[in-house]
Amino acid sequence: MKDLKTPKQLKKEGWKGLNLQKEPFETRSLTNSAFTACAWALALLAAIPLFSIVAMLLKNGGSRLISAEFLSVLSDLPPAGFEAGGGIGPAIVGTLVMVGIASAIAIPLGILTAVSIKMLDSGSILARAAHFIAKVLTGFPSILAGVFVYAILVVHFGYSAVAGGVGLAVLMLPTVIIATEEALGQVPKRMTDAAFGMGCTRTQVMWKITLPTALPSIMTGVMLAVAGAAGESAPLLFTALFSNYYLSSLSEPTASLSVLIFNFSGMPFENQIELAWTASLVLVIIVLILNIIARAIGRKKF
Amino acid sequence: MKKTLFDHKIGKGITRPPANLELYGDAGFRAFSIVCAWSIIFLILFILWMIGEQALPAMERYGLHFLTGTTWDVNKENFSVLPEIWGTIYSSMLALLGGGVLGITVAIFLTENFIHDRLAYLFRLMIELLAAIPSVVYGLWGIYVLIPLLRPVAHTLHEYFSWIPFFETELSGPGMAPAALVLAIMILPTVAAISVDAFRQIPAKVKEATYGMGTTRAEAIFKVLIPTASSGLLAALVLGFGRALGETMALAMLIGNSNQISLSWFSPANTLASLMASSFPEAGKVEAQALMYAALVLLLITFLVNLGGLFIQQATMRKFEGIK
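Line by line, the protein sequences are chains A and B.
Under the numbering used here, the first sequence is numbered contiguously, ending at residue 302.
Under the numbering used here, the second sequence is numbered contiguously, ending at residue 1324.
None of these hints come from the bench; they were simulated from the model.
Just so you know, not all the hints are guaranteed correct.
[Said to hold, decoys possible] Straight-line Cα separation of at most 25 angstroms, SDA-like style, residue types lysine to any residue; simulated pairs: (1) A:16 - B:1207; (2) A:59 - B:1128; (3) B:1319 - A:40; (4) A:189 - B:1201; (5) B:1223 - A:39; (6) A:208 - B:1030; (7) B:1207 - A:124; (8) B:1319 - A:129; (9) A:135 - B:1052; (10) A:135 - B:1207.
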């Protein structure tokens, strides 16, 4: 330790002391600024498509929707080849009906399954496997849900609104399960502990404390799942197909906004393409409203 | 008479032990929950089995040649999907290249004090809205906005760099480039969301120690934060890749549905999902069986990728649970 010099000795030798300040034109400062600029640029780049899509939707789809005849656009039948005018009425009704069917199946089933998984011991193999499979299913390609429902329903009963609804339900189910599980997990432990301390059984704690407390968060997840289902089209191609008319029974091919957009986007007729844009705008508005509702409900956090 | 601790009428007190009925109810519900948990496992097996059953005739007929051949001939009933498998994986890789870089950058941007918390929240909302826009709307936007925008760029690239295999053909309309770009935008929110979680999982003390050493932000991010979050980021990329593999409608509208294998970004191609979407509604019996076989192939690919991603994610979570 003898060769270690004290600060006094160092100063005598002309040492100015350590400079801890960052120099603005050091290489590492410059790298840092360059990196900051890059991050800003890339982040803004990521936001451009959203603005572009919204702008195009308003520009191409808005003109029909914000006009005197918007009621007929929203209610008329889709036009044939060279016809002018026409509307997207059957598609709107079809989308709403099929999303309704899907919700009626997937929401109760999903919430119940999530409650069940949470009722099991969280470490048990069964609970972990069920949770894991629900997670895997969220990454399930939507078109395969259509193929699956085609194999179990359409092969026997033909294309129908019910089959479309079941197809969407298969897609909604994992989303609802995961959202509900997360919501249930957010309930403060002291609340359930208090209930257990009062001598409640697990079932009572689950139904009377955990579930009601988590309900707003669950509704958020459910709404997002419904919004997702409203925008799906791939499974509908296999299950509900398409129809030019209003649906009169649940067991016939049914129109939907997303399939209408798909069909009309490739057509050579100006009128159809414009309707595809209008349908897109309506679809995005529906999805956005559901998203906004979801966020409004879910604001309250613990 | 002396009162004992347990001497009260059931149902009268404020607190009481559960009645027998409630205990039975609890046991019943526990049993029900086991059934429910099994049912979701059953659902996935059922899906596999149903699609497998439909695909069985095609599997018997085409065997493994289905995976290696390059024809899709409806008239001769000769079906194979190598070009589609190639297109699926190639388009997803390209999308991952764009969407991955953008998604991770957005995640860094949102978590590392680039902007005020409120602005970051707004920005996050915007990215989440990107995920809410339906696939067909992306397709429509791709056809009428992206392709016209790309065409002059592609033309220039082809003119000057046609010796690079990526640019060896002209972009005539739909093709790999617009499809992969839209796909990149579509997986960006997924990658960003999972990466944000990965960065948030880094214990605060790691960050404090890093900045305490006097690093700049860039150094902290590249030398400490990204390596620490690397397994989470990897999970984000793998899961994003899984999403890209299964995307259907936007690709069916943008990729051009052409049965060929090409490295070129500007030539039309096809993917398994878009092959199904575009051929299924008009398919005859034999073609439908072949499409079911293709569905099975897609199912297995996406399953493996998603399983991999989830395993990495779970392993990461366990790792950080130890540190916190």
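Now for the hints, and whether the structure bears them out:
1. A:16 - B:1207: violated (31 angstroms)
2. A:59 - B:1128: holds (23 angstroms)
3. B:1319 - A:40: Violated, at about 31 angstroms.
4. A:189 - B:1201: holds (21 angstroms)
5. B:1223 - A:39: Answer holds: residue 1223 of chain B to residue 39 of chain A is near 16 angstroms, not above 25 angstroms.
6. A:208 - B:1030: Holds, at about 16 angstroms.
7. B:1207 - A:124: violated (35 angstroms)
8. B:1319 - A:129: Distance of about 20 angstroms is within 25 angstroms: holds.
9. A:135 - B:1052: holds (22 angstroms)
10. A:135 - B:1207: Since the Cα atoms of residue 135 of chain A and residue 1207 of chain B sit roughly 30 angstroms apart, the hinted pair is violated (cutoff 25 angstroms).
Consistency with the previously given hints fails for numbers 1, 3, 7 and 10, ordered from lowest to highest.
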